[in-house]
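Residue numbers (our numbering), protein chains in the order written: chain A, 98 to 343; chain B, 98 to 343.
There could be a bad hint or two in this list.
Mimicking DSS-like on lysine-lysine, the simulated pairs with C-alpha atoms at most 27 angstroms apart in a straight line are [stated by the list, open to error]:
#1 K329(B) / K159(A)
#2 K159(A) / K254(A)
#3 K254(B) / K329(B)
#4 K329(A) / K159(B)
Simulated DEER-style distance windows between Cβ atoms [said to hold, decoys possible]:
#5 D312(A) / L187(B): 43 to 53 angstroms
#6 L104(A) / R256(B): 30 to 40 angstroms
#7 N204(A) / Q296(B): 52 to 62 angstroms
Computed footprint of chain A on chain B, listed as stretches where at least three residues anywhere in the stretch have a Cβ under 8 angstroms from a Cβ of chain A [to be verified]:
#8 137 to 146
#9 218 to 226
Think of the hints as simulated: they come from the structure by calculation, not from any bench. These figures come from a predicted structure and were not determined experimentally. A virtual CB, placed ideally from N, CA and C, is assigned to each residue, including glycine.
Protein chains: 2
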Amino acid sequence: MNEQLLLSNIRSVLIRQEETIIFALIERAQFRRNPVAYQAGALREAIGEESIVGYMLRETEKTHARMRRYLSPDEHPFYVGLPAPVLPPLRMDENPLRPNQININPNIRTTYEQEVVPYICASGDDGQYGSTAVCDVQSLQSLSRRIHYGKFVAESKYRMQPARYDAAIAAGDREALTREITDAEVETHVLERVRLKSQTYGQDTGGDATQSKIDPERVVDVYARWIIPLTKEVQVLYLLARNERQ
Amino acid sequence: MNEQLLLSNIRSVLIRQEETIIFALIERAQFRRNPVAYQAGALREAIGEESIVGYMLRETEKTHARMRRYLSPDEHPFYVGLPAPVLPPLRMDENPLRPNQININPNIRTTYEQEVVPYICASGDDGQYGSTAVCDVQSLQSLSRRIHYGKFVAESKYRMQPARYDAAIAAGDREALTREITDAEVETHVLERVRLKSQTYGQDTGGDATQSKIDPERVVDVYARWIIPLTKEVQVLYLLARNERQ
Numbered sequence: 098m099n100e101q102l103l104l105s106n107i108r109s110v111l112i113r114q115e116e117t118i119i120f121a122l123i124e125r126a127q128f129r130r131n132p133v134a135y136q137a138g139a140l141r142e143a144i145g146e147e148s149i150v151g152y153m154l155r156e157t158e159k160t161h162a163r164m165r166r167y168l169s170p171d172e173h174p175f176y177v178g179l180p181a182p183v184l185p186p187l188r189m190d191e192n193p194l195r196p197n198q199i200n201i202n203p204n205i206r207t208t209y210e211q212e213v214v215p216y217i218c219a220s221g222d223d224g225q226y227g228s229t230a231v232c233d234v235q236s237l238q239s240l241s242r243r244i245h246y247g248k249f250v251a252e253s254k255y256r257m258q259p260a261r262y263d264a265a266i267a268a269g270d271r272e273a274l275t276r277e278i279t280d281a282e283v284e285t286h287v288l289e290r291v292r293l294k295s296q297t298y299g300q301d302t303g304g305d306a307t308q309s310k311i312d313p314e315r316v317v318d319v320y321a322r323w324i325i326p327l328t329k330e331v332q333v334l335y336l337l338a339r340n341e342r343q
Numbered sequence: 098m099n100e101q102l103l104l105s106n107i108r109s110v111l112i113r114q115e116e117t118i119i120f121a122l123i124e125r126a127q128f129r130r131n132p133v134a135y136q137a138g139a140l141r142e143a144i145g146e147e148s149i150v151g152y153m154l155r156e157t158e159k160t161h162a163r164m165r166r167y168l169s170p171d172e173h174p175f176y177v178g179l180p181a182p183v184l185p186p187l188r189m190d191e192n193p194l195r196p197n198q199i200n201i202n203p204n205i206r207t208t209y210e211q212e213v214v215p216y217i218c219a220s221g222d223d224g225q226y227g228s229t230a231v232c233d234v235q236s237l238q239s240l241s242r243r244i245h246y247g248k249f250v251a252e253s254k255y256r257m258q259p260a261r262y263d264a265a266i267a268a269g270d271r272e273a274l275t276r277e278i279t280d281a282e283v284e285t286h287v288l289e290r291v292r293l294k295s296q297t298y299g300q301d302t303g304g305d306a307t308q309s310k311i312d313p314e315r316v317v318d319v320y321a322r323w324i325i326p327l328t329k330e331v332q333v334l335y336l337l338a339r340n341e342r343q
């Protein structure tokens, strides 16, 4: 099997992404919720209808698109109409995924802005919109990468046991697929590891302050309530699309 | 004294920045040295004389400048001629620093590209120039912030004991100033803490692999050889400039 599809390799990519996500959430949690940063048209004269976070995200994606970020099968942009890459395509390992158009970033962004931010940040406005937006771009990009990695997970699971999924795919049965791809033991293991990492990274090591930068249980909840379910959603969408015209 | 100048507050800012720096170095060390990414004109037709990393850094700074990042006294751009902020100025606490033009980013960038990257990355070229550039922007920004925080350190030290520095400042005696601002005990403490953090964050927690993502001693060396000396350089430059027309 393609190396990228070995479940052990996928797991180590996902494990490595945990640090990036936890770190991004810790950084964001320094600032207040700052609802103004998510308001369309808050700076209408300067940046039009885009919110501050949206503006920062789109500008970042433009630059990253030129650096061919979105040619990689594990990267998905939030915006359409991005500029063409200026870097020549990388000779990459063969893309092991089936061709697909799945991109749940609109859902990820809404979930992040409306549920995750209010959950991890103190309410109110500290005026730090620029820093907020920088952190949000980091969070959104790392969440998107993690969640869409579900495609690799699904392809890998399918290839190991196609018969397990074929009937549900043919029937378009989402619930059955969700049941089949769910591994409660692995999920528990992920949450335990995230708890441990959040406790470690969230501490003010060596500082005088002994309080945590973020409640580690909040980070665990972000995984349990949003990241894991959204990754499973990607897996199911990907398996369903596997049946469409190839 | 201004809260930003309390040595205990400065220390906790510097301690918090350690995570960001260590993390950025760990991320960068995933990739090879990729000398092409630092070559001026490597993509001449697409982005002109700028290197790939330079291009990414300048584009990022343009966006961040619009978000008024460089109005903050602890932020220093690598590029000049950046666009004006579109966000209205933040009502910030009074800037506790003396007016000064010190910006050693050219030095930080050369040091990083020519010394730090070859020290932390395996030699060779893996073609991952886009990811390399994204990591480098993160590293350079976090290093610049840490190193220029020396201004706050110097102002704080000066206000506590002006008489200790006045003669050396008047004489323009860099060596004497370097001696006076050096606290070997604090430096040892910083290095010990960085070692501990690098050991913790650099581990593949929970993964099957037991090897480190980066040799923690390399991170300690980056602090000892480059970050601490450059921070002290900023302190000395700042103290010397304290005497110039205010």
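The hints, checked one at a time:
{"no.": "1", "hint": "K329(B) / K159(A)", "in the structure": "violated, 37 angstroms"}
{"no.": "2", "hint": "K159(A) / K254(A)", "in the structure": "violated, 34 angstroms"}
{"no.": "3", "hint": "K254(B) / K329(B)", "in the structure": "holds, 12 angstroms"}
{"no.": "4", "hint": "K329(A) / K159(B)", "in the structure": "violated, 37 angstroms"}
{"no.": "5", "hint": "D312(A) / L187(B): 43 to 53 angstroms", "in the structure": "violated, 27 angstroms"}
{"no.": "6", "hint": "L104(A) / R256(B): 30 to 40 angstroms", "in the structure": "violated, 59 angstroms"}
{"no.": "7", "hint": "N204(A) / Q296(B): 52 to 62 angstroms", "in the structure": "violated, 38 angstroms"}
{"no.": "8", "hint": "137 to 146", "in the structure": "holds (count 3)"}
{"no.": "9", "hint": "218 to 226", "in the structure": "holds (count 3)"}
Figure legend: structure checked against the earlier numbered hints; hints not met, in rising order: 1, 2, 4, 5, 6, 7.
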